[in-house]
Structure formats: structure tokens, C-alpha cells
Amino acid sequence: MSEIEVQLKKGVLGLCVLALLSRGNSYAYEIASRMADAVDMGEGTIYPLMRRMQSEGLVTTYLEESPSGPPRKYYRITETGRSRLTAQVEEWRGFTAAVDGLIDGAVTASSEEPQSQEGETSHEA
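Taking this note's numbering as reference, the numbering of the sequence shown is continuous, increasing by one, and the terminal residue is 125.
Please keep in mind that the hints were generated in silico from the structure rather than gathered at the bench. Some clues are possibly wrong.
[To be verified] Derived Cβ-Cβ restraints for the label pairs, each shown as a range:
1) 33 with 103: 30 to 40 Å
2) 105 with 71: 45 to 55 Å
3) 103 with 80: 27 to 37 Å
4) 5 with 51: 17 to 27 Å
5) 45 with 87: 18 to 28 Å
6) 80 with 29: 19 to 29 Å
For every residue, glycine included, the Cβ atom is placed at its ideal position computed from N, Cα and C.
Can you make the complete structure from the sequences, with help from the hints?
Structure follows, in C-alpha cells:
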């Protein structure tokens, strides 16, 4: 995995968790499984992230009996979490639109336009 991919994933994991929880309450293992399927996130990443989000007031927890085994700790998004989600989605969409604007056509353009050599400058009259 490239360094940029690792950094991008780290930056958006909280956003993805809030988005999942905005659709319904869930327990950590279920969140981790859905994140692993979507963005190849390791299971060990979710627990520290959930603790941090809880300490920031973005999520709350409650216990619910499990049909198999001990009670599960479920996470629920708070109003603060919903506000953060709204703000982060807006920021994400603005960021991705800006990046798309910069990279659109970059591969096509780079194969069509001659590359200037180091030290050379290109001036059109």
C-alpha cells in the first residue's frame, strides 16, 4: 500500500464511521467489518478510533444483549457527531472536487505534451 493511500485512509476513517452510524447504531466489530470491505481497514484500527470519537462526544455507547455470547457495546452517533459529519462531508466534497480539477486530464495531457527538460523553461509568444 502506498504512503498516500495510508494517509488518505487515516484522514477519512472518522468520516466513514460517522457516515455508517448516521444510518443506524452498530457495534465495533460490525463497523470494522464494513470498513474492511469498503476501504481495506484493519480491525485493530477501529477500537482506538471509537474510544477517541466517544471522548470527543461524537458517539455514545450502550450495551445490548447478544444472541451469541456476552452483551455487545453499540455505538450511536450524537448531535455533535451529526454536525461533524455534515461539516466533514462538505469539506471532503470540496477537497475531492479540487483534486479532481487538478488531476483531470493529467495522464492524457502528460502523454500528449512534450516534457521540458530540467532547467528549460517554456515560453509561448
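Comparing the hints with the structure gives:
1. Distance hint check: the CB atoms of residue 33 and residue 103 are about 32 Å apart, consistent with the given range 30 to 40 Å.
2. At roughly 54 Å, the beta-carbon separation of residue 105 and residue 71 lies within the given 45 to 55 Å, and the hint holds.
3. About 34 Å separates the C-beta atoms of residue 103 and residue 80, a value consistent with the hinted range of 27 to 37 Å.
4. Between residue 5 and residue 51 the beta carbon distance is about 24 Å. The supplied range of 17 to 27 Å therefore holds.
5. Between residue 45 and residue 87 the C-beta distance comes to about 22 Å, which sits within the given range of 18 to 28 Å.
6. Hint check: residue 80 to residue 29, Cβ distance near 24 Å, so the stated range 19 to 29 Å holds.
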